[in-house]
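*Asks:* Sequence:
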Amino acid sequence: MKTLLIDDETLARNELRYMLNDFSQIQIVGEAANADEALELMDALKPDLLFLDISMPEKNGFEFLEELTQTPEVIFVTAYDQYAIKAFEANALDYILKPVKQERLQQAIEKAVKEIEERSAPSGSNHLTGNSQVFIKDGEKCYFVKIADIFLLESAGNYVKIYFDTKKPLLHKSLNLLEEKLPQDMFFRVNRQQMINLNYIQNIESYFKGGLHVTLHSGHSVEVSTRQAVRFKELMSL
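Numbering (my numbering), first residue to last: 1 to 238.
Hints are computed from structural coordinates only; laboratory data are not their basis. Fair warning: there could be bad hints in the mix.
[To be verified] As a list, the in silico BS3-like pairs of lysine-lysine whose alpha-carbon atoms are at most 25 Å apart: (1) K161 x K146; (2) K114 x K59; (3) K101 x K114.
[Said to hold, decoys possible] FRET-style restraints, in silico, Cβ to Cβ: (4) T226 x E37: 23 to 33 Å; (5) L11 x E179: 55 to 65 Å; (6) T10 x E180: 16 to 26 Å; (7) T226 x A79: 50 to 60 Å; (8) G139 x S55: 31 to 41 Å; (9) H127 x S221: 21 to 31 Å; (10) Y80 x T10: 12 to 22 Å; (11) D81 x D185: 19 to 29 Å.
These numbers were taken from a predicted model, which means no experiment stands behind them. Ideal Cβ positions, reconstructed from N, Cα and C, are used throughout, including at glycine.
Using the sequences provided together with the hints, build the complete structure.
*Replies:* This is how it looks when you write it as structure tokens:
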């Protein structure tokens with residue numbers, strides 16, 4: 001697994017690198033002392049796994065993750081206690097409290113191996129698949145969201161409202177950007193403001209001036225614009 005270490009403390013990175021030498025699955029491809037360095041390395045190295053500190057100067061670990069279009073597996077290595085970590089809505093791969101213990105590190109790596117093996121996206125791909133994940137921070141809550149679990153995306157100014165489960169946090173990306181990145185066999189832009197996951201369609205009805213009215217399994221209703229309806233009908237073999 002191509003692995004990137006991100007921590008502003010040189011000693012912490014050195015200790016972690018030394019401990020990771022015991023794991024043949026781990027290939028350390030780079031290190032970064034801050035979020036900006038890490039962003040540059042992400043584009044160049046395309047890591048499968050991040051060991052990420054939370055508290056860093058200028059941009060913290062959460063702010064760094066928010067800037068990524070596609071989030072690899074993340075193991076947080078942090079001095080934060082378990083109560084602060086509860087902000088992660090249970091979707092984070094794992095977190096390890098400093099000082100790092102070898103047994104705890106092994107458990108986290110075993111999780112990472114399992115998750116990465118199950119991913120279908122090839123390393124280095126710029127496009128998302130159903131098994132890809134994105135990171136969303138919404139107030140004090142943080143989510144790692146699997147693409148296939150998203151059923152509706154809705155433009156909200158400079159943000160996109162992401163609907164999954166019963167949640168709808170805001171992601172600081174444009175709907176146009178996400179449309180380019182999301183799998184086209186799974187998501188469809190029904191109008192200027194909304195995009196839906198085709199796997200969540202429950203019902204389709206004719207609507208005003210050649211448009212369509214779509215109901216999702218979640219109960220949400222969207223309108224397919226007249227312009228998009230022709231392509232949608234072809235896609236759905238209507």
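*Asks:* Provide an ascending list of the numbers of those earlier hints which the structure does not satisfy.
*Replies:* 2, 4, 5, 6, 8 and 11
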